[in-house]
Amino acid sequence: MAIMKRKQKVSDEIPTASLADIAFLLLIFFLTTTVFNEEKGLPIVLPEQSEEQEVSPKNLIFFIIQPDGRVIVRRGESEQEQTVSYNQVEGILRAELAQNPNLIAAIQTDPRAAYRHMVNVLDEVKSAGAERISLQELEN
Amino acid sequence: MAIKGGGFSRKSGAGSEIPTSSLADIAFLLLIFFMVTTVFRKEKKRTIEWVEARATEKIDEKRKNILHIWIERDGVVYINDVRTPFEDISEIVRPIYADNRELVVAIRGDRDVPYSQINTITEELQEAGAVRVTFATRIEQRAGRARR
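These protein sequence lines map, in sequence, to chains A and B.
Residue 12 is where the first sequence starts when you use this note's numbering, and the numbers rise one by one after that.
Residue 3 is where the second sequence starts when you use this note's numbering, and the numbers rise one by one after that.
No lab work stands behind these hints, which were simulated from the structure alone.
A portion of the hints provided could be inaccurate.
Here are some chain B residues pointing at chain A (derived, C-beta under 10 Å) [to be verified]:
hint, residue
1, Ala16
2, Gly17
3, Ser18
4, Leu32
5, Glu54
6, His70
For clarity, every value in this text was computed on a predicted model and none was experimentally measured.
C-beta atoms are modelled at their ideal positions from N, C-alpha and C, and glycine is treated no differently.
So that you can see chain A by itself, here it is in the shape it has in the complex (with noise of 0.2 Å):
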């Protein structure tokens, strides 16, 4: 009689007490695990395959990239030439559009140059604040 007593105190139902507390627990790891790769970079428009606009030279200030990565700076006007590394071009470009609001940065890269030193260039003038650019290829 003993033994059939602590049978029936085994109770017949599963536990579900802890269920929602593995449930959440599952939840809470999948929301924080989950990475969202968001999409990072520097945004630009290029101009429709017609358009072209006549700019008035003085408007103009050219950043030519070389293949090892310097860069020569000519205002639009005046032959003078400046070479610069990429990291002084947010200071010139600064002073610059100071004086111009209007002006257009024009990134030209020597082909031979590497994509790297071109997004340098870029994000120099991105950070100067310019919102007019120009992306060119130099032409031999």
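Go by the hints and put chain B onto chain A.
Chain B alone, transformed into the frame defined by chain A:
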């Protein structure tokens, strides 16, 4: 007529515990909802060395509006996991752009790719009419500046 127990019996009849028996159902429902609605990217990861920029911005655009163009170090271009010759880019992008006018093309180029190849791609994109472009970059840490 006297009310039994002075009217208190009704109040004490309400359960003082929060009903937790349905909590598991709610949690699992949420779990299953998120599992079902999660969309995994089908595109394969390519090995490129990213370019870094301080001015890196978050592109606030839905994922379906973004098309990735990968350029590996050796100048091989992939669009949607398909190896694409440079001259075919515009033909491939044009129908995608026609379907979705809000398309943003993200150029994911290796840092050592010569610029002529990037220029070819932008020209092809112009030809296709997809003029909204981003140069995909990683945010540059200040300390990492000396490395470039």
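The hints, checked one at a time:
no.	hint	in the structure
1	Ala16	violated, 21 Å
2	Gly17	violated, 16 Å
3	Ser18	violated, 17 Å
4	Leu32	holds, 6 Å
5	Glu54	holds, 8 Å
6	His70	holds, 9 Å
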